[in-house]
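Taken in order, these protein sequences are the chains called A and B. Mind the numbering: the first sequence is residues 1 to 160 in my numbering, read in order. Mind the numbering: the second sequence is residues 161 to 661 in my numbering, read in order.
No lab work stands behind these hints, which were simulated from the structure alone. Nothing here was measured: the structure is a model prediction, and the numbers come from that model. For glycine and all other residues, C-beta sits at the position ideal for the given N, C-alpha and C. Hints may be right or wrong, so weigh each one.
Unchecked claim - These stretches of chain A come out as covered by chain B in the derived footprint (C-beta under 8 angstroms, 3 or more residues):
no.: 1; segment: 22-31
no.: 2; segment: 63-70
no.: 3; segment: 87-98
no.: 4; segment: 130-137
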Amino acid sequence: MGASARQAGRGGPLIRNPLDFFGGIALVAIALVAFWGARDLAGSRGISFGPGTAPRLFAGLLAVAGGAVAVLGLVAGGGGVGRYPVRGPVLVTAAILAFAAMIGPLGLALSTFIAILVAAAASPETRWREAVPFAAALTLFCTLLFRYLVGLAVPVWPWS
Amino acid sequence: MPDLLTNLGLGFAVALSPINVALCLTGVLVGTLVGVLPGIGPVASIAMLLPLTFGLPPTGALIMLAGIYYGAQYGGSTTSILVNIPGEASSVVTTLDGFQMARNGRAGAALAIAAIGSFAAGTLSTALVAALGAPLTAIALLFGSPEYFSLMVLGLAFAVVLARGNVVKAVAVILLGLLLSMVGTDPQTGVPRLAFGMPELFDGVGFVVIAMGVFGFADIIRNLEAPRHQQAIVQGRISGLMPTAKDLKGSAGAIARGSVIGSLLGILPGGGAVISSFAAYTLEKRIARDPSRFGAGAIEGVAAPESANNAAAQTSFIPLLTLGIPGNPVMALMIGAMTIQGIIPGPQVMTKQPELFWGLIASMWIGNLLLVVINLPLVGIWVKLLRVPYRLMFPAIVAFCCIGAYSINNSPFDVVLAGLFGLFGYWLVKHDFEPAPMMLGYILGPLMEESLRRAMLISRGDVSVFVTRPVSAGLLALALLLLVVALLPMVRRRRQQVFVE
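So here's chain A without its partners, still in its complex pose (with noise of 0.2 angstroms):
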């Protein structure tokens, strides 16, 4: 290890493993969430368990844990957080958003239609020509098995 590396070993950045520490932290505060859900749950009475103990256990617990790899990602090296991409995450999570809103109102052909074209979306490499009868034969596939195979009980089309 040369001299350069050895000083930013020592004097380097604070935290010397950002990905570690954040996923650490986003534990420790997910335990704090759950304590502040749990506030109103009966603890133990005696030597009963009451609704609140295993939940405060476990989350007190998680909260040591994620300290400790809080603590970890500060004094030991490893890798950068990384990019995030954007496009791949949004669209997708909004194909299945849209499929949540719309299989009341819409039904499930023209719902599972629109999510796959908004999922489609999602991918650079998708070509619109073959995208789209795709969906639509994929939606006739999916209709035909879930609700007339599998008897899903679920409106085809907004009118039925």
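For chain A, the structure is supplied; the task is to place chain B on it using the hints.
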């Protein structure tokens, strides 16, 4: 022994009914398909297809789901050999020698050995499941709450040891899973917990919903990050499916060793098929007279991991069927399927519903036979399917998961939750947290709370009950030992880092 034969006879009678054979066939075909297609693993696909089995009778539904699972293990090897892409994580090591064999013009032999190895392993592990089923169930019935609790702690310790990378992070995600499992109504008092006032959460977060999010949606988001490069598929007709006598002789030992390793590791929670294929490959390489052949098309390098992953897929049913404790996310989905069908998993299944228990076991052997018989002729079709580009496949998976998540309770809220868990799962993977141990924690959470609660009641609040009862103490000691062993290399590494500085 005669009991075992009677039981297996009953099992085969159930499994060989035309409807169950048809369901088994459907399962292994769909499983192979899923295994062949890269980018969708067994957990996501079983979660996705679970709603399709709602209308089936319980035995048939479980037979089909089991078929999907071990079919996927087998299908994964096909892509590993032909295109150097593992269809499943459990087939990663098969690419090393399988693809080299294919490049040397021996794709047929590699595929055949994978099939034969899988079948041999399936036979051995099915026999093991059948043989261990009754005695383990008898032991399970003797277990009290403290033993159950300690057993689950041991299971989680195994999951930590078998997880990749940082031990502390593995422990943390397990605890996260335990905490998540607390969302919903407390079974004892009927009080909603951690629902944050949302009535939709009073029933808890469905396991299928989380599995779809964390394994289905999150994988898609991650796959979209990396641009897809079209892989070179082995061109030309695949000929010479029959392995030569030399191949068979060379791989017989590897198949036997792989089957044993897989069967043993499959029983352990947290590991299963993936870890056992790695272990089997490593062993073969270590004991080989000429280790340099590995990576250049050694037939043992295909035979051992393929036997091991199939054996493990099979024996991972043992803890589920005998103790009611699922060892991995796939088994948790099987529990979900059982619960939906009105079956309470656990030792009582074998005594109260022998036709289901033994029928499922017998169907595994039949399924393995079907895999060998149908798959070799179908290789051509699987290769064609591989040409379906990911840009078409992933919107289809999104649609399927959406409809599947919705269909469980006819609830749009479940779809939203699955989507959110998709994002969360993506974040976990980005931060090098493994989702599988989290799922194990999530499955075991309610079982652990229940047994802890009962143990405290029978011991009158004395925590020492876990160490004064010998079986429980032994299980906990083993768990502690495992954790120490897992932590040691980490500590040593840190010391070295300090020394370097």
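Looking at the structure, which of the earlier hints fail to hold? Going through the list in order, the structure violates no hint and respects every one.
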